[in-house]
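J.: Sequence:
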Amino acid sequence: MRALTSAGAALAAVGLSLGLASAPASATPTAPAVSGTSQPPLSAAPAAKAPPKSGKDSIKCNDTNARVNFSWKTGWESTTVYYNNHCLGGTRTTAAFEFYNGGSTPFYKCVTFQGDAQGKYKFAHINEIIDVSKDTKKCKKN
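In our numbering, the protein residues as written are 1 to 142.
Read the hints as simulated data drawn from the structure, not as lab findings. Keep in mind that a hint or two might mislead.
Label pairs and their calculated CB-CB ranges [what the hints assert, rightly or not]:
(1) N84 / S104: 29 to 35 Å
(2) L88 / S54: 25 to 31 Å
(3) G75 / C110: 18 to 24 Å
(4) G55 / K138: 15 to 21 Å
Calculated lysine to aspartate or glutamate pairs in the EDC-like style (CA-CA distance at most 16 Å, straight line) [unchecked claim]:
(5) K134 / E98
(6) K53 / E98
(7) K73 / E128
(8) K53 / E77
(9) K122 / E98
(10) K137 / E98
(11) K60 / D131
(12) K73 / D131
(13) K60 / D135
(14) K53 / E128
(15) K109 / E128
(16) K140 / E98
(17) K109 / D135
(18) K73 / D57
(19) K134 / D57
(20) K134 / D63
(21) K56 / E98
(22) K53 / D131
(23) K56 / E128
(24) K109 / D131
(25) K109 / E98
(26) K60 / D116
(27) K56 / D131
(28) K122 / E77
(29) K120 / D57
(30) K73 / E98
(31) K138 / E98
For glycine and all other residues, C-beta sits at the position ideal for the given N, C-alpha and C.
All chains, full assembly: derive it from the sequences and hints.
T.: So, in structure tokens, the structure goes:
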């Protein structure tokens with residue numbers, strides 16, 4: 001019985017090596033699979049680049065401790081800014097949005113928001129917002 005088992009194991013080993021040796025010459029070797037990870041097939045197209053980041057920021061109202069809070073989400077075609085202006089009495093607040101410009105000098109856009117209100121504002125470009133400030137002089141350069 002032992003001789004039969006060892007002979008079967010030897011045949012299985014020979015059959016396995018013959019099966020591996022008979023792979024076509026045009027077959028490309030693949031990297032061994034790593035436990036716990038999934039690997040895409042070799043013919044898969046590269047994934048599309050994700051849009052730039054989203055973010056949050058706030059600026060103070062004129063002389064009070066109230067703030068205008070901003071959050072934004074950059075999409076594929078535009079950047080939407082959500083705001084919540086806590087400035088009482090309908091005090092309008094102008095904010096300067098600093099946008100990333102592909103490594104060159106950033107550009108600025110100023111927007112005025114009605115006091116004691118909330119809503120959204122859409123920029124018609126997809127550049128990433130770097131910062132929000134009250135320095136509206138930078139907007140005049142653009």
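J.: Decide, hint by hint, whether the structure agrees.
T.: Going through the hints against the structure:
1. N84 / S104: 29 to 35 Å: holds (32 Å)
2. L88 / S54: 25 to 31 Å: Between L88 and S54, where Cβ atoms are some 28 Å apart, the hint holds.
3. G75 / C110: 18 to 24 Å: Cβ of G75 to Cβ of C110: about 21 Å, so the range 18 to 24 Å holds.
4. G55 / K138: 15 to 21 Å: holds (18 Å)
5. K134 / E98: holds (11 Å)
6. K53 / E98: holds (14 Å)
7. K73 / E128: holds (9 Å)
8. K53 / E77: holds (14 Å)
9. K122 / E98: Since the Cα atoms of K122 and E98 sit roughly 15 Å apart, the hinted pair holds (cutoff 16 Å).
10. K137 / E98: holds (12 Å)
11. K60 / D131: holds (14 Å)
12. K73 / D131: holds (13 Å)
13. K60 / D135: holds (12 Å)
14. K53 / E128: It holds: about 7 Å lies between the C-alpha atoms, which stays within 16 Å.
15. K109 / E128: holds (12 Å)
16. K140 / E98: Status holds; Cα separation ~13 Å.
17. K109 / D135: With Cα atoms ~11 Å apart, K109 and D135 stay inside 16 Å; holds.
18. K73 / D57: Satisfied, since the Cα-Cα distance of roughly 12 Å is no more than 16 Å.
19. K134 / D57: holds (12 Å)
20. K134 / D63: holds (13 Å)
21. K56 / E98: Measuring from Cα to Cα gives roughly 13 Å; hence the hint holds.
22. K53 / D131: holds (12 Å)
23. K56 / E128: holds (12 Å)
24. K109 / D131: Within the cut-off at roughly 11 Å; holds.
25. K109 / E98: Status holds; Cα separation ~7 Å.
26. K60 / D116: Roughly 13 Å separates the two Cα atoms, so the pair holds.
27. K56 / D131: holds (9 Å)
28. K122 / E77: holds (10 Å)
29. K120 / D57: Within the cut-off at roughly 14 Å; holds.
30. K73 / E98: Between K73 and E98 the Cα gap is close to 14 Å, so the pair holds against 16 Å.
31. K138 / E98: holds (9 Å)
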